[in-house]
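J.: Listed below, chain by chain, are the residues.
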Amino acid sequence: MSKIFSTEADPIVSLTKVSKRFATGTLALDEVDLVVPRGQLLSLIGQSGSGKSTLLRHINGLHKPTGGEVLVMGCNVGDAKSKELRQIRKNIGFVFQQFGLVGRATCLENVLTGALGRLAGPRYGLVSYPKALRREAFEHLERVGLDSQAFQRADTLSGGQMQRVAIARSLMQQPVMLLADEPVASLDPESSAQVLELLLKISIEEKMTVIVTLHQVELAIDWANRIVGLRDGKVVLDRSAIGLTQEDVMDVYRRADRSNDLAKQEAEFPKSVASLSS
Amino acid sequence: MLSAPRSTKRLKLGGVFFVFVAATIWSWLYIKMTFSTLFGGFDDLWNLLQYMFPPRFDQMGQVIDATIETLWMALIGTTASVILSIPLAFGAARNTTPNAATFAVCRAIITLARAVPTLIIAAIFVLAVGIGPLGGILALALHSIGMIGKLYTEAIESATEAPRDAVSSTGASKWQTILATIVPQATPTFIGAALYRLDINVRESAVLGWVGAGGIGFVIQTALRGLDYSRALAAVSVIFVVITLIEISSNRLRASIIGEQSAVITKNQKARKKSTERDHKILLKAVTLRKLNLPWTSERRLRISAVLFYAGLLILALVTIKIPIISSFGYLDEIFKTSADLFPPDFNTARPEIIRGILETIAIGFVATILGLLIALPLALLAARNIVVNRVIYSGTRLFMLAFRGIPELIVAVLFVSAMGLGPVPGTLALTLGTAFFMAKLIADTLEEVAPEPRDAIFATGATRSQEFFAAVLPQAMPNLVSQTLYLLDVNLRSSTVLGIVGGGGIGFLLLSALRVIEYQTVGAILILTFVVVYAIELLGSWVRKLVE
Ligand SMILES: Nc1ncnc2c1ncn2[C@@H]1O[C@H](COP(=O)(O)OP(=O)(O)OP(=O)(O)O)[C@@H](O)[C@H]1O
Ligand SMILES: [Mg+2]
Numbered sequence: 001m002s003k004i005f006s007t008e009a010d011p012i013v014s015l016t017k018v019s020k021r022f023a024t025g026t027l028a029l030d031e032v033d034l035v036v037p038r039g040q041l042l043s044l045i046g047q048s049g050s051g052k053s054t055l056l057r058h059i060n061g062l063h064k065p066t067g068g069e070v071l072v073m074g075c076n077v078g079d080a081k082s083k084e085l086r087q088i089r090k091n092i093g094f095v096f097q098q099f100g101l102v103g104r105a106t107c108l109e110n111v112l113t114g115a116l117g118r119l120a121g122p123r124y125g126l127v128s129y130p131k132a133l134r135r136e137a138f139e140h141l142e143r144v145g146l147d148s149q150a151f152q153r154a155d156t157l158s159g160g161q162m163q164r165v166a167i168a169r170s171l172m173q174q175p176v177m178l179l180a181d182e183p184v185a186s187l188d189p190e191s192s193a194q195v196l197e198l199l200l201k202i203s204i205e206e207k208m209t210v211i212v213t214l215h216q217v218e219l220a221i222d223w224a225n226r227i228v229g230l231r232d233g234k235v236v237l238d239r240s241a242i243g244l245t246q247e248d249v250m251d252v253y254r255r256a257d258r259s260n261d262l263a264k265q266e267a268e269f270p271k272s273v274a275s276l277s278s
Numbered sequence: 001m002l003s004a005p006r007s008t009k010r011l012k013l014g015g016v017f018f019v020f021v022a023a024t025i026w027s028w029l030y031i032k033m034t035f036s037t038l039f040g041g042f043d044d045l046w047n048l049l050q051y052m053f054p055p056r057f058d059q060m061g062q063v064i065d066a067t068i069e070t071l072w073m074a075l076i077g078t079t080a081s082v083i084l085s086i087p088l089a090f091g092a093a094r095n096t097t098p099n100a101a102t103f104a105v106c107r108a109i110i111t112l113a114r115a116v117p118t119l120i121i122a123a124i125f126v127l128a129v130g131i132g133p134l135g136g137i138l139a140l141a142l143h144s145i146g147m148i149g150k151l152y153t154e155a156i157e158s159a160t161e162a163p164r165d166a167v168s169s170t171g172a173s174k175w176q177t178i179l180a181t182i183v184p185q186a187t188p189t190f191i192g193a194a195l196y197r198l199d200i201n202v203r204e205s206a207v208l209g210w211v212g213a214g215g216i217g218f219v220i221q222t223a224l225r226g227l228d229y230s231r232a233l234a235a236v237s238v239i240f241v242v243i244t245l246i247e248i249s250s251n252r253l254r255a256s257i258i259g260e261q262s263a264v265i266t267k268n269q270k271a272r273k274k275s276t277e278r279d280h281k282i283l284l285k286a287v288t289l290r291k292l293n294l295p296w297t298s299e300r301r302l303r304i305s306a307v308l309f310y311a312g313l314l315i316l317a318l319v320t321i322k323i324p325i326i327s328s329f330g331y332l333d334e335i336f337k338t339s340a341d342l343f344p345p346d347f348n349t350a351r352p353e354i355i356r357g358i359l360e361t362i363a364i365g366f367v368a369t370i371l372g373l374l375i376a377l378p379l380a381l382l383a384a385r386n387i388v389v390n391r392v393i394y395s396g397t398r399l400f401m402l403a404f405r406g407i408p409e410l411i412v413a414v415l416f417v418s419a420m421g422l423g424p425v426p427g428t429l430a431l432t433l434g435t436a437f438f439m440a441k442l443i444a445d446t447l448e449e450v451a452p453e454p455r456d457a458i459f460a461t462g463a464t465r466s467q468e469f470f471a472a473v474l475p476q477a478m479p480n481l482v483s484q485t486l487y488l489l490d491v492n493l494r495s496s497t498v499l500g501i502v503g504g505g506g507i508g509f510l511l512l513s514a515l516r517v518i519e520y521q522t523v524g525a526i527l528i529l530t531f532v533v534v535y536a537i538e539l540l541g542s543w544v545r546k547l548v549e
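Chains as they are written, first to last, in this note's numbering: chain A, 1 to 278; chain B, 1 to 549.
Hints listed in this document are in silico derivations from the structure and should not be mistaken for laboratory results.
Among chain A residues calculated to face chain B with C-beta under 10 Å, some are:
| no. | residue |
| --- | --- |
| 1 | R57 |
| 2 | K90 |
| 3 | T113 |
| 4 | G114 |
| 5 | Q149 |
| 6 | F151 |
| 7 | P175 |
| 8 | L179 |
No farther apart than 30 Å at their CA atoms in a straight line, the calculated lysine-lysine pairs in the DSSO-like style are these:
| no. | chain 1 | residue 1 | chain 2 | residue 2 |
| --- | --- | --- | --- | --- |
| 9 | B | K337 | B | K150 |
| 10 | A | K131 | B | K285 |
| 11 | A | K131 | B | K281 |
| 12 | B | K281 | B | K291 |
| 13 | B | K174 | A | K81 |
| 14 | B | K291 | A | K201 |
| 15 | B | K441 | B | K150 |
| 16 | B | K174 | A | K131 |
| 17 | A | K83 | B | K174 |
| 18 | A | K131 | B | K291 |
| 19 | A | K64 | B | K174 |
Where a beta carbon is used, it is the ideal one built from N, C-alpha and C, also for glycine.
Assemble the whole structure, with the sequences as input and the hints as a guide.
T.: Take a look at the structure:
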């Protein structure tokens, strides 16, 4: 299926028969093959628990595979030494659903932590970073439209603003690739659109390779030039996003439809009880 | 069947309750406590206080010097303890420890430090480094690791994981990540715990003089030995005032750090609004001018002045206190030598005395906890603002409780011993009072946290106040009450190991005698047994607490 892509030269990520069995016994990835050429915008879809986050976390070595091989920029992430791993991570921005900001630190400091990979030795507080880096961090904040919040504590921001700070932190790494794990799942529709648009604009401007996981199929199709679907840790869909309709991808969610609805109901349940009792 | 089903958990809880009651009765008999000695004791103390009154403030120079020395000892000791605790805590926290061996060693050091009371460490150190504040400071530093290290470990472990994943994903090294994500999250707790311990250490250093380890304790002891009661009372009242002031200011400081607002400085609304506005302007200006340093907001100025104030105090303390700072490292040799002399421990030479001492220590702990609880309950009801809704009553009771907590337990014990003579009963009474006022505060706080909705629901059924109390308040507060009682039992057992040093019964007396006659190996045996008892109670406590939750 992925033949059309693997023929391209110089892949930035290539996974061969990657499996992951967690200590709990869950098989989260099941012989996944995936080759991502430079400059591609790839959307990863699949129901909850299908292994999307796990897959992303293998690419920058937050997880180690229990089978198969993860090659990133020619380096085997699975058995990379911590120094090599840092080198790889430096080149890969990672945007998380929960932002991962340090709430008590200012936005500027949070952005600066993105430069740690370039620096030797631990840093604490704004003054411990060189002035040039501080200026750079300021510019990145400006780029995501939050320069006026530079000295505000990160926990005083709205969700959308936090995610933009997190994006600025990734930019600070000067990455060649960006991984985004449901970057807008905890945001309201308006900030979602804003954040996604920003992410897309920056990715294109910087000619970055991007892999993003999204819950909303529409968004996934709009945004990407390739769609990969996971189900139970297996790749069940892999094709160009051009001309793809929503029906085409529903297959990925097929078996899940019922349980998905159930899960949704479950998620709503505590809320409805709370509204009853108040 | 209309009674609650008998789950194993309920059975276990019942068993614990039964053992607790049985242990208390046994303890009561073991220390030969009777109701007449109980009430007679308070009578004797009252008489002594009347006899001491009025205090004589004629040798104030000496008292003030000793008070300042007490404060400096606490400050230096706590600082040293913080410095020692930080690396230990990072080694002992599951999420930062480099390896299993480091983890085990750091945990062991923290636990050991907690189990041996300051006064006992001080008594041993004084032998190694001589009379004076140095032994006291080292003892404070070491023992405080137990609490500071534990709280710091918990603070590190409770830092959220998300920022850590995010920052290590940028290619930062392990320690870069820890410093950038965990340390900022843990800092308020770090400072809060240090302040809290400083508060405790001022109390502790006030009694270290009893074993010759510096501070005002020596002045009080000398006055009491010379039957110079009015001067003793003068010294006690000075340290009482100082301790109370420190408790109040440390509470406020901690509240403002943990609440993260500068409530202390800008009290009234108008001033606060004005400073917020100014901060806003400062921030705006910094951003428009592309400043690359943190702007001087009121919060930052406050923080920097606090740091400077602390640094100034510390330097003053180090310069004025009479200890050889540099050469004090040379005393480490002495300390190692003395510590080595404690081994191998000798359980045989004084076997009957050791057994009696340990049993007495346990008995004192139990009786004091239960008596203290009985006094604390009514006090707490008066002090909780959501139970007796009368401002004068609850604030009055709170003030009264705060005032009483200002006197270190061991000083109360000294007074009881002076009034009643040597033995476990005066020691028990002193701990009882200490427990009562501390416990009353804890219980009142718990009661105030009880959720109001169920209470309203029960009132709405037409229940009386007392019906409502038993139906809505007590059940909600129960788990906390149980764990607080256990905590106090734990605290009291630790305290009762040192009561003997001032003649208040328990193993401490034997320990001091053994030190005096240079039976170091018996001292080693006593230390080990003390550790075992304290640690066993701690384990028991956490087990029961899990049952209750
Ligand atoms: N650290 C872990 N330890 C054990 N099991 C894990 C761990 N992380 C994920 N899993 C399991 O692996 C499976 C895949 O999880 P993953 O988080 O990758 O799914 P996902 O597609 O990202 O789901 P979601 O859309 O809910 O984020 C799930 O069954 C999950 O429970
Ligand atoms: Mg996920």
